[in-house]
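Please construct the entire structure, taking both the sequences and the accompanying hints into account.
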Amino acid sequence: MDRIPLPSHIHYELLLQLLERQTSHAVGNQPQLREQLNELIITLRKARSQQRHLEESCQRAHIDIDFHWSLNDATSEPSPSERSLPS
Numbered sequence: 037m038d039r040i041p042l043p044s045h046i047h048y049e050l051l052l053q054l055l056e057r058q059t060s061h062a063v064g065n066q067p068q069l070r071e072q073l074n075e076l077i078i079t080l081r082k083a084r085s086q087q088r089h090l091e092e093s094c095q096r097a098h099i100d101i102d103f104h105w106s107l108n109d110a111t112s113e114p115s116p117s118e119r120s121l122p123s
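Take the sequence shown: its position 28, counting from 1, is numbered 64 in my numbering, and each next residue is one higher.
In case anyone wonders, no lab produced these hints; they're calculated from the structure.
Glycine is no exception: its CB is placed at the ideal position from the N, C-alpha and C atoms.
Some hints here could point you the wrong way.
Now the in silico label distances, taken between C-beta atoms and shown as ranges [unchecked claim]:
1. GLU75 to PRO43: 16 to 24 Å
2. SER93 to LEU69: 33 to 41 Å
3. ASN65 to ARG96: 41 to 49 Å
4. LYS82 to SER60: 14 to 22 Å
5. ASN74 to ASP38: 33 to 41 Å
Right, dumping it as structure tokens:
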């Protein structure tokens, strides 16, 4: 089976940091916006967790993962945290 293309973990980290640090500050005390922002952050954390579960399933099935930094990546260079994942 071919390698499974997945987004690099850094994509989730960058989005979460932006939302938690900058967007949260900009939203201030507007309850409706803060609630939507919190839902978005929770959704991203769930997506990151789901991807990790998929990666673990691929590893158990001996399927290689190809972490992508962009849609244009032919072969991606894994981040340090991704390099530590067992093959």
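Here is what the structure says about each hint:
1. GLU75 to PRO43: 16 to 24 Å: holds (21 Å)
2. SER93 to LEU69: 33 to 41 Å: holds (36 Å)
3. ASN65 to ARG96: 41 to 49 Å: 46 Å Cβ-Cβ, so the 41 to 49 Å window holds.
4. LYS82 to SER60: 14 to 22 Å: The hint (14 to 22 Å, Cβ to Cβ) holds, given that LYS82 and SER60 are roughly 18 Å apart.
5. ASN74 to ASP38: 33 to 41 Å: holds (38 Å)
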